[in-house]
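Trainee: My request is simple: use the sequences and hints to build the entire structure.
There are 2 protein chains.
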Amino acid sequence: MKLYDLSLSGNCYKVRLFAALAGIPLDIVAVDFLAGEHKRPPLIDLNPWGEIPILEDGEVVLRDSQAILVYLARRYAGETWLPGDATGMATVMQWLSTSANEIQNGPGAARLVDKFGYQLDKADTLRRSARILPLIDAHLSRHAWLALERPTIADCAVFPYVALAPEGGVSLSDFPHIRQWIERIKALPGFVPMPGI
Amino acid sequence: MKLYDLSLSGNCYKVRLFAALAGIPLDIVAVDFLAGEHKRPPLIDLNPWGEIPILEDGEVVLRDSQAILVYLARRYAGETWLPGDATGMATVMQWLSTSANEIQNGPGAARLVDKFGYQLDKADTLRRSARILPLIDAHLSRHAWLALERPTIADCAVFPYVALAPEGGVSLSDFPHIRQWIERIKALPGFVPMPGI
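Protein chains in written order, with full-length UniProt numbering: chain A, 1 to 197; chain B, 1 to 197.
Where hints are given, some of them may not hold.
Intra- or inter-copy, both count: the list cannot distinguish identical chains.
With a Cα cut of at most 20 angstroms, we get these calculated SDA-like pairs of lysine to any residue [what the hints assert, rightly or not]:
hint, residue 1, residue 2
1, K39, R131
2, K2, A77
3, K115, L6
4, K39, I132
5, K39, R127
6, K2, A86
7, K186, L172
8, K186, L8
9, K39, H139
Rather than coming from a laboratory, the hints here were simulated on the basis of the structure.
Mentor: This is the structure in structure tokens:
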């Protein structure tokens, strides 16, 4: 099973992190991102969005880091990380949307500006960060994990760009519950880091 | 089962549309959005995000329109609209992320500016729309539906803000396959409209 990967991408790291925690072997294929390898064939044929990560598992080809987490959890990790019942699945799903929208466009995008020079509206990324991080901190003041009172793919999806927020000039100093949650994740058996974490 | 709802919200409409197509009864609770009812107790206690829709089904309370679709599909609609196998589920999930991010922040946000006077960066919403709509049109040139060659919650999630795009000054005239897909959705048994569609 191949993961088309970039070591500095938080979206790719979501997948590597979950695979490590759940003991799922991946063949990591490094993509030459600066050369635009993901924008040309053959990768653009695997993902017309022109983005990584891409997962290739036999005939199955998936884009979107959240969808890849769902696939790996359901196919290779039983009920632990993403339960099959409606309530449990939807509870996790709430956080996958938060990851795809508020986190990606908040701290994730702030980091793209500061670390990689993307031409995005930095003030907008800071506004979005200032809205979502207090909500997550308040949630984590009452819960050890984002969903279901145990580690799930919700944590794997939200963790990377929250933990990397300082690389985008977004401080976590006002969010003690987020900082404690980050330490809990780092202490999970099998945890793997990435540059900046 | 209560849906806290706003008739003009495409996110609320996603849920009403899917419930209608799948024959799931909902008690619609109209929220006084202009008066900020969703920002105050009791609704802010149901969803600290301060957003609607909110679904309340006995003890289950869910925010996020994508998560609500997952819940309703898994609990009340069998395998048809969201299959339980890893590949099928992840294939649909790709489009739920697209809905939460690219569609929400593209044509969805453009409409918030033009129709409701939100102070957002209109040029950014148009750039995001101009990126995602051609990708969707190209996909629909090869497929009748977004995922699994049949109607799924992927279509329900993406449809509202794509069909409402002209209300944000985003024309669909260059996207014939999207326009045909809109007509296919409108022809589904049980389809319900919303203002602007």
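Trainee: All the hints need checking, so say for each whether the structure fits it.
Mentor: Evaluated hints:
1. K39 x R131: between (33 angstroms within a copy, 14 angstroms between copies)
2. K2 x A77: within (17 angstroms within a copy, 33 angstroms between copies)
3. K115 x L6: Close inside one copy (15 angstroms), not across copies (40 angstroms); limit 20 angstroms.
4. K39 x I132: between (31 angstroms within a copy, 15 angstroms between copies)
5. K39 x R127: Between copies only: 18 angstroms across, 30 angstroms inside.
6. K2 x A86: between (30 angstroms within a copy, 17 angstroms between copies)
7. K186 x L172: within (16 angstroms within a copy, 46 angstroms between copies)
8. K186 x L8: within (18 angstroms within a copy, 43 angstroms between copies)
9. K39 x H139: between (38 angstroms within a copy, 17 angstroms between copies)
The structure fails none of the hints (numbered hints given earlier).
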